[in-house]
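Chemist: Chain residues, written in single-letter form:
Number of protein chains: 2
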Amino acid sequence: MKQIIGIDIGGTKIAIGLFDETGRFIASSTIPTHAQAPFSEAIVRIFEAVDELLGNTTTLTGIGIGCAGPLDTEKGVVQNPYTLSGWENAPIVATLSDRYGCPVRLENDADVALLGEVFAHKKEKPVRNALMLTFGTGVGGAVLHNGKLFKTENFGHPEFGHILVAPGEGECYCGGDGCLEGLASGLALTQQAQALGFEDFQDLVAQGGLQGSGKFLVHQWVERVGRALWTLVHIFSPSMVILGGGAMSSLFDLVNQKITENMQSGIFYKEFALVEASLGAEAGMVGAATLVLPV
Amino acid sequence: MKQIIGIDIGGTKIAIGLFDETGRFIASSTIPTHAQAPFSEAIVRIFEAVDELLGNTTTLTGIGIGCAGPLDTEKGVVQNPYTLSGWENAPIVATLSDRYGCPVRLENDADVALLGEVFAHKKEKPVRNALMLTFGTGVGGAVLHNGKLFKTENFGHPEFGHILVAPGEGECYCGGDGCLEGLASGLALTQQAQALGFEDFQDLVAQGGLQGSGKFLVHQWVERVGRALWTLVHIFSPSMVILGGGAMSSLFDLVNQKITENMQSGIFYKEFALVEASLGAEAGMVGAATLVLPV
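Chains as they are written, first to last, in this note's numbering: chain A, 104 to 398; chain B, 104 to 398.
Please note: incorrect hints may appear among the correct ones.
Repeated chains share a single entry, so a pair holds when one copy, or any two copies, can fit it.
Said to hold, decoys possible - Subject to a maximum C-alpha distance of 27 Å in a straight line, what follows is the list of computed DSS-like cross-link-like pairs (lysine-lysine):
#  : residue 1 : residue 2
1  : K178      : K228
2  : K318      : K251
3  : K226      : K116
4  : K116      : K228
5  : K226      : K318
6  : K178      : K373
7  : K251      : K373
8  : K373      : K318
9  : K105      : K178
10 : K361      : K226
Source of the hints: derived by calculation from the structure; they are not laboratory data.
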């Protein structure tokens, strides 16, 4: 049986999934990252976990990997991200390729999450232009542009969290004033909700935030998300927009309604599917696997 | 002698330039477009003008064309832009290629203007990532991204004029509120200056606008241009940013100083050259020619 592996490397844990050659999930396992330990230790534990998933009867035809950048995706090297302090110039592609004798591909974690969600939402017509924003601790973003992952020079990842959505309304740690991430991330929402006396943003929403004292915050957030999308859609013209993250899960319907209304009022509007991220923490693992799906 | 032709097709006039194979300017001529007349008439006048420039002794090795979109750049067809009402599905590439027996390439007018300016500002190291904004009647924009012109699906041109720079501060004809073009174009500046009693924005600047009653408008404009660049630079990470248009010509030094200061304060700052567009109306013609420069 021909199978593929998708690996999602995070700062805390590494999720490894086994899929068949159509991308259908078979099994997965999760191991701790121990990010400060050297790569040479981590790779031994990755080998073990992959071996166990494969068992004895599998033909492995490819391994896809998602990992926090900076990366050299062409050379297949992880270049010491902040979240993986022990991984200095870790040649993960060559190491896995040597051991398993199959093609191995490495991409940025936000990019593989996008690919995972596009795969999960796929329609009859292939999606060649998609945009994803994830509202977690920060705001992650990725773009599939004309069939290719959108990157800056030298495999860099664009800083979608630092486009301006409310100039002058709040300094961001990045040095900007009014950035999407500084004002609309999960962390920012928590702080804004706490200032109103709620435990966090989920608590605000749960306690009838849409009607009560948190109403303003909810609508401000939806407005800011809408502004980010207005700007990004006028640049990338995606046919699918995926929104994810904790805050989104309870408010997607509202966001969807407001943003669709707003975008459709524009003369440059081109129809796109606005969908909620559906894979949660598994998006990275699934998307990593799609890197090596047979064409 | 081997030469190339660059053609810039505008709604009012068509500029045609003759260049040598290094892109050095030799001669040019300009003819009226008569945009409402059919393409079949215009092409006869284009033939005449090209023939005259070529004379008898030239070997023509390529023709590059810049034209307002929508275009099918792959098929080489002008698809009836608003500015060229008589040009319905005009097969300009095939028509010129048939007559002159050389490669012909067609690109969007904003894109060729960018290529012209990049060529004019070229350094020892080739520029593979550049961003250009032109503040004219509207705001034109174009991006060279990892060595290729940045386009949306099906040869579409991104709407850089409709990214948000001051949400809620002014409705745009496009349906947005706070778009770059609606608030910071030459037209918008003229209206803002007239509301203060000046003839237009140039008049405001000429009459000591930087100190006098127009000071606020000037600084507001610089601020908004800076916001647009903040957002775009965090997405595209260009190594060269080119700013052009009437308003820019008298204020580039101020814009340069403020924006460089602002951008350098950001933690994601990567050095880029901020330059003023230097070719004026000739950028399109020069950039069109670069489409067919020998590699």
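Chemist: Against each hint, give a clear statement of whether it holds in the structure.
Modeler: Verification of the supplied hints:
1. Only between protomers do K178 and K228 lie at most 27 Å apart by alpha-carbon distance; the minimum there is 23 Å, versus 32 Å within a single protomer.
2. Proximity of K318 to K251 under the C-alpha cut-off of 27 Å is found in neither arrangement, the shortest distances being 39 Å within a copy and 45 Å between copies.
3. Neither within a single protomer nor between protomers do K226 and K116 lie at most 27 Å apart by alpha-carbon distance, with minima of 31 Å and 45 Å respectively.
4. Neither within a single protomer nor between protomers do K116 and K228 lie at most 27 Å apart by alpha-carbon distance, with minima of 34 Å and 42 Å respectively.
5. For the homomeric pair K226 and K318, neither the shortest alpha-carbon distance inside one copy (36 Å) nor that between copies (54 Å) is at most 27 Å.
6. In this assembly of identical chains, K178 and K373 lie within 27 Å of each other by CA distance solely across copies; the values are 23 Å between and 37 Å within a copy.
7. In the homo-oligomer, the alpha carbons of K251 and K373 lie at most 27 Å apart both inside one protomer (20 Å) and across protomers (24 Å), since each shortest distance falls under that limit.
8. For a Cα distance limit of 27 Å, the shortest separation of K373 from K318 qualifies neither inside one copy, at 30 Å, nor across copies, at 39 Å.
9. In this homomeric assembly, K105 and K178 come within 27 Å of each other (Cα to Cα) only inside a single copy, at 26 Å, whereas the closest approach across copies is 41 Å.
10. Only within a single protomer do K361 and K226 lie at most 27 Å apart by alpha-carbon distance; the minimum there is 24 Å, versus 47 Å between protomers.
The structure fails to meet hints 2, 3, 4, 5 and 8 from the earlier list, while all remaining hints are met.
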